[in-house]
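Participant: This is what each chain is made of:
Protein chains: 2
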Amino acid sequence: MAIIEDLKNALGADAVLTGAQIGERHRSDASLTGRVLPIAVLRPRSVEEVSAALRICHAHGQPVVPQGGMTGLAGGANARGGEVAISLEHLAGIEEIDAAAGTITVKAGTVLEVAQRAAEDAGLLLPVDLGARGSCQIGGNLSTNAGGVRVIRHGVTRDNVLGLEVVLADGTVLSMLNKMTKNNTGYDLRQFFIGAEGTLGIITRAVLKLKPLPAARNTALAALESYEAVVALLQKAQRDLVALSAFEAMWQAFVRFNTEASGIKLFDADHLFLVIIEEDGDGSDAARERFEAFLGDALEDGLIVDALVAQSEKEARNFWTVREAHDMDRLLPSLINLDVSLPIGEIGRFAETCEAALLERFPAAHVSFFGHIGDSNVHIAVSVGDASEQDLHAVDEIVYDLVQAHRGSISAEHGIGTLKRAHLGCSRSPEELETMRRIKQALDPKGILNPGKVL
Amino acid sequence: MAIIEDLKNALGADAVLTGAQIGERHRSDASLTGRVLPIAVLRPRSVEEVSAALRICHAHGQPVVPQGGMTGLAGGANARGGEVAISLEHLAGIEEIDAAAGTITVKAGTVLEVAQRAAEDAGLLLPVDLGARGSCQIGGNLSTNAGGVRVIRHGVTRDNVLGLEVVLADGTVLSMLNKMTKNNTGYDLRQFFIGAEGTLGIITRAVLKLKPLPAARNTALAALESYEAVVALLQKAQRDLVALSAFEAMWQAFVRFNTEASGIKLFDADHLFLVIIEEDGDGSDAARERFEAFLGDALEDGLIVDALVAQSEKEARNFWTVREAHDMDRLLPSLINLDVSLPIGEIGRFAETCEAALLERFPAAHVSFFGHIGDSNVHIAVSVGDASEQDLHAVDEIVYDLVQAHRGSISAEHGIGTLKRAHLGCSRSPEELETMRRIKQALDPKGILNPGKVL
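If you read the sequences in order, they're chains A and B. The first sequence begins at 1 in full-length UniProt numbering and counts up one residue at a time. The second sequence begins at 1 in full-length UniProt numbering and counts up one residue at a time.
It is possible that part of the hints are untrue.
Identical copies carry no separate label here, and so any pair may be met within one copy or between two of them.
[As the list claims (entries may be wrong)] Result set (DMTMM-like, lysine to aspartate or glutamate): computed pairs, CA atoms no more than 20 Å apart in a straight line: (1) K446 with D121; (2) K236 with D121; (3) K265 with E89; (4) K236 with D98; (5) K314 with D396; (6) K446 with E431; (7) K446 with E434; (8) K446 with E352; (9) K8 with E89; (10) K211 with D159; (11) K236 with E120; (12) K446 with E113; (13) K265 with E48; (14) K211 with D285; (15) K265 with D386; (16) K236 with E89.
Keep in mind that the hints were calculated from the coordinates and are not lab data.
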């Protein structure tokens with residue numbers, strides 16, 4: 001094919017994988033197994049090569065799928081037939097840590113954990129953090145506006161981006177590697193590409209905010225008997241714990257399943273809700289006492305009925321092991337993990353209605369709720385046994401219709417990709433969708449960037 | 001004119017001011033004195049009326065200028081000849097405070113201070129705050145992505161917006177009154193309109209984040225002898241003061257001028273830099289002791305050479321009175337207040353070079369520096385006496401060329417409007433400007449929204 005030759009000439013033959021090389025790559029990399037093969041995989045080493053590649057693809061009207069660590073949960077980085085994949089894996093590395101500005105400049109293909117470690121080595125914290133840190137890449141974190149467990153203190157990925165370098169569909173490079181908190185010089189183009197899942201441009205570099213590295217962390221597990229108490233505890237925590245860094249709620253069915261599966265014992269009694277509360281601290285006795293006083297107050301006020309303060313790293317780890325639910329995937333057939341958000345006060349009622357609706361349709365199903373309540377984000381674990389396509393669709397419909405009724409979001413942190421595309425109208429109006437299409441048309445008139453995703 | 005009749009029919013005659021009514025309005029309202037008169041001033045009372053007005057203007061190809069509290073510093077809300085002004089003043093009021101979600105829903109014409117008070121009455125803090133709070137409106141705060149003095153703790157206005165309702169140029173209403181922290185359902189259209197200075201749509205309502213109301217505040221004034229020490233103190237403050245809520249630096253010439261003008265005595269000796277440090281706190285003795293220990297450490301380490309801890313509200317007020325420099329405008333002829341940002345570590349060198357360059361061109365000028373150093377934002381007060389247009393232009397050129405050389409921003413928090421439009425290229429590349437034009441063309445193809453502003 002002429003385009004492959006053009007790409008090889010521009011990037012060098014070793015940066016362009018084709019045919020058997022791609023088959024081999026897909027066999028040997030577990031994250032790629034079973035996915036559709038692209039016609040070529042490009043591995044550019046510089047922004048100039050990304051630009052050259054897109055210029056060529058644009059001229060040929062060749063659809064392109066940008067790929068990072070392939071850890072996304074919505075299918076946004078999967079190739080469709082006939083597409084060229086652009087993998088950012090060779091465009092990786094830390095370019096600079098500026099301690100005075102509080103910034104790290106990284107290439108898009110850098111694995112998140114590599115960037116986190118570099119920041120730590122400089123005595124600083126890169127607040128973007130999520131379970132897939134060991135293999136997800138910064139470019140993917142930005143393109144999906146990743147959430148995670150530290151959002152309550154540091155915001156979503158978008159809130160941690162100062163500068164961005166992006167290549168547009170036609171190869172134009174927008175170099176906006178700004179390091180300043182304040183910059184009001186015309187449209188904030190950075191925002192257009194964050195969370196756009198690679199449909200408006202390919203992110204090649206970023207300047208991210210760094211924060212002071214917390215010296216220590218206090219962790220507690222609280223037991224509560226109503227969702228109203230969970231909300232009241234959250235409000236109290238936001239008021240009293242100035243460095244509140246996690247507030248994770250687990251509903252009873254979720255706790256039962258995951259304590260049994262992991263063999264971790266938490267409380268003697270069974271409670272309707274458990275909440276993990278963490279605060280960054282300086283490791284002092286005074287900080288510890290304040291944290292314990294907060295829990296003491298909450299007990300006295302009747303907000304919580306019991307509490308455990310982790311006495312060691314290992315105990316804290318145990319709370320999180322239950323929350324992270326590593327065994328669910330293994331033990332429950334065709335587990336569906338739905339990721340939605342709703343106004344915080346409505347999540348309790350939503351969960352009740354949602355559970356009832358799912359159990360009415362699937363009486364034997366496992367249905368449980370957990371999530372980042374402080375960020376208005378709840379996850380729903382559903383297993384209806386060996387589910388047919390139709391069953392999966394029915395689960396989506398039941399949940400997303402209820403989310404729509406509560407004016408919630410059908411994707412809190414996972415994005416839309418291909419998996420939620422049919423349901424986008426549950427959270428966005430026809431006018432919003434039409435406006436998105438106008439933006440897409442303006443920035444990628446030939447529609448070569450990640451077609452079939454999001455819109 | 002046919003369009004005026006159409007508008008009167010759609011909105012009611014009392015919502016459409018024309019002719020003598022506008023003249024009277026401009027005479028009686030000090031914020032409008034001397035500005036160009038629009039051909040009509042519309043005062044819609046609902047989003048439906050804003051939509052109807054824009055539909056009519058769009059059909060007629062009629063240019064429109066959205067107006068809020070008219071406190072902007074870049075001319076973004078000034079009418080040009082032949083324009084229709086849409087004032088949001090009658091679309092005002094608080095719609096809801098949701099304590100569980102931590103949100104306030106407000107109409108765009110609400111005066112910022114009114115919204116702040118409503119939040120306080122509910123025991124919560126609306127973090128958006130700036131000097132013009134008594135007359136600026138929420139819609140304007142959003143359209144200019146306002147900064148202010150609390151950014152170091154709570155972020156710029158953009159960081160505090162959860163939901164937005166916007167009317168596009170053709171009257172289409174985008175109703176995105178989202179209350180959730182996490183929502184990744186396609187392009188984040190809210191971001192397009194924040195900071196766009198009314199050139200892409202008219203904001204009619206917003207959902208803003210609320211935070212816990214701090215019980216007390218500790219305030220100190222520190223004296224330092226180098227910019228490097230200022231940066232080191234900032235880093236220490238970010239590490240040690242978890243609720244750091246202000247870090248404002250003042251250079252020597254600025255302090256000299258404003259202590260003399262105000263008659264406020266600070267330190268006995270003259271120092272190269274003074275810094276105001278504030279931390280939100282719970283008002284406890286322990287919090288106060290931690291704050292004082294921080295200053296003690298900084299003295300011992302030689303970072304600061306002297307410090308005052310405010311012993312009363314009044315003493316704290318005195319520090320801020322010097323910083324707010326209310327007398328400068330009155331005492332210095334044709335005072336220019338430039339608002340720029342640069343990577344934090346470079347601001348010291350920039351200030352030295354900038355002062356030298358300005359004094360070389362204008363040997364008798366007053367030049368002084370102050371600002372929100374923790375946000376990378378420095379203001380430059382320049383008075384060259386009775387300045388000609390050419391002088392003003394020369395000052396802009398000298399400063400913005402230096403900002404460009406440091407890869408800084410020519411507008412940290414004031415926006416571009418008409419005043420900085422000619423200099424936009426100092427901070428944005430031709431590719432970025434072309435991309436902005438494409439977005440403008442996509443959302444407002446007839447170019448009726450606030451023409452001649454920003455781009």
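Participant: Starting from the hint list further up, note which numbers the structure goes against and sort them upward.
Facilitator: 1, 3, 5, 8, 12, 13, 14, 15 and 16
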